[in-house]
Amino acid sequence: MKLLMKLGIKPKTYAQQKAMWGFIYVLPWLIGFIFFFFIPLMSSIRYSLSSIQANANGMIIDFIGIGNYVEALTVNTSFNRSLIESIVDMVVNVPLIVIFSLFLAVLLNQKFFGRSLARAVFFLPVILASGVILSLESTSLIQAVNEQNAGNSVVISFELQKIMLQSGVSETIVMYLTGAVDRIYEIVSLSGVQILIFLAGIQNISPQLYEASKMEGATGYESFWKITFPMVSPLIFTNLIYTIIDSFSRNTLTDLIRETGFTQFNFGLSSAMAWIYFLCIAIILLISTFLISKRIFYHE
Amino acid sequence: MVFAKLLSIEIWKKWLWSFVRYTLIIGLSFVILYPILQKISTAIKHKSDLYSPIVIWIPQNYSFDNFKQVIQIMDYWVTLLNTFALSSMTTLLTAISCALAGYGFARLKFKGSNLLFAGVILTILVPPTTILIPIYLNLKDFTLMGIIPLLTGKSVNLLNSYWPFILTSLTANSLKAGLYIFIFRQFFRGIPKEIEEAAYIDGAGIGKTFTRIMLPNAIPALITVTIFSFVWQWNDSFYTTTYLTSSKVMSTQLSSLPYNLAIQLEGGATSKVDPFYQSMVQDTGILLAMLPLIIIYLFVQRYFVESIERTGIVG
Numbered sequence: 001m002k003l004l005m006k007l008g009i010k011p012k013t014y015a016q017q018k019a020m021w022g023f024i025y026v027l028p029w030l031i032g033f034i035f036f037f038f039i040p041l042m043s044s045i046r047y048s049l050s051s052i053q054a055n056a057n058g059m060i061i062d063f064i065g066i067g068n069y070v071e072a073l074t075v076n077t078s079f080n081r082s083l084i085e086s087i088v089d090m091v092v093n094v095p096l097i098v099i100f101s102l103f104l105a106v107l108l109n110q111k112f113f114g115r116s117l118a119r120a121v122f123f124l125p126v127i128l129a130s131g132v133i134l135s136l137e138s139t140s141l142i143q144a145v146n147e148q149n150a151g152n153s154v155v156i157s158f159e160l161q162k163i164m165l166q167s168g169v170s171e172t173i174v175m176y177l178t179g180a181v182d183r184i185y186e187i188v189s190l191s192g193v194q195i196l197i198f199l200a201g202i203q204n205i206s207p208q209l210y211e212a213s214k215m216e217g218a219t220g221y222e223s224f225w226k227i228t229f230p231m232v233s234p235l236i237f238t239n240l241i242y243t244i245i246d247s248f249s250r251n252t253l254t255d256l257i258r259e260t261g262f263t264q265f266n267f268g269l270s271s272a273m274a275w276i277y278f279l280c281i282a283i284i285l286l287i288s289t290f291l292i293s294k295r296i297f298y299h300e
Numbered sequence: 001m002v003f004a005k006l007l008s009i010e011i012w013k014k015w016l017w018s019f020v021r022y023t024l025i026i027g028l029s030f031v032i033l034y035p036i037l038q039k040i041s042t043a044i045k046h047k048s049d050l051y052s053p054i055v056i057w058i059p060q061n062y063s064f065d066n067f068k069q070v071i072q073i074m075d076y077w078v079t080l081l082n083t084f085a086l087s088s089m090t091t092l093l094t095a096i097s098c099a100l101a102g103y104g105f106a107r108l109k110f111k112g113s114n115l116l117f118a119g120v121i122l123t124i125l126v127p128p129t130t131i132l133i134p135i136y137l138n139l140k141d142f143t144l145m146g147i148i149p150l151l152t153g154k155s156v157n158l159l160n161s162y163w164p165f166i167l168t169s170l171t172a173n174s175l176k177a178g179l180y181i182f183i184f185r186q187f188f189r190g191i192p193k194e195i196e197e198a199a200y201i202d203g204a205g206i207g208k209t210f211t212r213i214m215l216p217n218a219i220p221a222l223i224t225v226t227i228f229s230f231v232w233q234w235n236d237s238f239y240t241t242t243y244l245t246s247s248k249v250m251s252t253q254l255s256s257l258p259y260n261l262a263i264q265l266e267g268g269a270t271s272k273v274d275p276f277y278q279s280m281v282q283d284t285g286i287l288l289a290m291l292p293l294i295i296i297y298l299f300v301q302r303y304f305v306e307s308i309e310r311t312g313i314v315g
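Just so you know, the sequences run in chain order S and G. Residue 75 in the working numbering sits at position 75 of the first sequence, with consecutive numbering throughout. Residue 186 in the working numbering sits at position 186 of the second sequence, with consecutive numbering throughout.
Everything labelled a hint here was simulated from the structure, so no lab data went into it. Note that CB positions come from ideal geometry on N, CA and C, so glycine has one too.
Covered by chain G, per the in silico footprint, the following chain S stretches (three or more residues, Cβ under 8 Å):
#, segment
1, 14 to 25
2, 35 to 49
3, 182 to 195
4, 253 to 262
5, 270 to 279
Kindly produce the complete structure, drawing on both the sequences and the hints.
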């Protein structure tokens, strides 16, 4: 402050100071944003619209219009398939993960013996199921063989399938649910962060609401649908967005984009793929925001 | 009286629910713990037990051969030290820079700060794959807007060094940094304004208010961000395999473990190695890579769960 005064700058009001310091606090991020996000983002658009020749003297970038996009969508053999695969995976998994984590958060919030132990176990996937461990896990041969030998998961969901079909549940729903039972490990391991978010939300609901409804004679089932569910509905939205982004952070398409870029050195095509991919995510996010945001209940 | 209680449907319902709840929780806990138990059991087996039909969980011949092998192939202790250094460094820098940015966005509003915050949201939404190639090329010939070539005559190659990690985490743009800024901002917004004003009236400047008053109040958010950032950096293979191709950190060593094993056993041909044995060694490798995290988690999990409940990611 004294230094500024010496330099002939007048002392500022509290609000002005705050604004100035605010800019200084945000500055490191802003520099990083420009250098490691914004400029790369712009060059990525440029690359995606050009053909790139790399040689000893550097890179030659020729503008070729939307050629790379056309190539990605029509010529490349695996792009369309990977793209659709990852979108279908997302559409199948995201509702399951969100519902499952809400259910578990409600369960873990109840008082029972061994609750803290159960919580510790359920948040373990946040730590373990990320990055390289998850990708190696899926290729573990020993585990695959052991599961084959045990064979129980298949049998159980088969029986379940039979029972549900006989009781007249629609076939698509049955397939979806039994599929979920078979993929239970995947779903559990992807829902750690979501459980945490829901749990935080549930604990913020004031206990008076539950007390009052209990006095009026509401059952646990009713109080879930009339109190817990509306109160956490903003978090359902948060979790939905988080799960969509999370599910897009690693899949076959990401691998394909990287491979095209770093082993075939086709930077232009790779950037075009990445942009198509981002546009798909953006559209999905917009649709889900549109569908969900009307139904959210905000308690203010 | 006792009979009436025993017959009342309420009690039965309570017991039934409690039973269902335990079944579910124990079952799901088993699903989560199963791969870890499996790995422990595989890791302490001797090679000869692999094909033995009577061995499922408890091995007949215990051995630490797998561990010895993996520790040697992965150069485990050096790798552990490197990974630890890298993760704690990025965690520290990320926590500082994200806390500053989060506070700036939450409390020190200036012209255009909302627009910049939209930028933060954009960094969360755009998948890292989209901008990977330009960043890679940029780091390969790092010029810092032409300043470095002016001084030394040519650009520097920052790949295969820790510099990409230092620079991105120093400027709050490392792995998932947007999410951390968001958490901090939400948390700082939840702290009453009066505390801040009181500190100001007592003569504290904005810097002092931040470090002495706001930061100590934000410990839950700090813990959450620290743990997430440490763990995700530890497990990250996306950036480490791009920036640090030949350096010894956990995730690169882990993903190249099968090849290294093959080289050691058969002189290079992956196909000749017994795939079961390879898988066994790999499982041991994963176990060893996870072990430090699990140990840390055992110590901090209580604070972690408690803190996240109070972080107010709630929105």
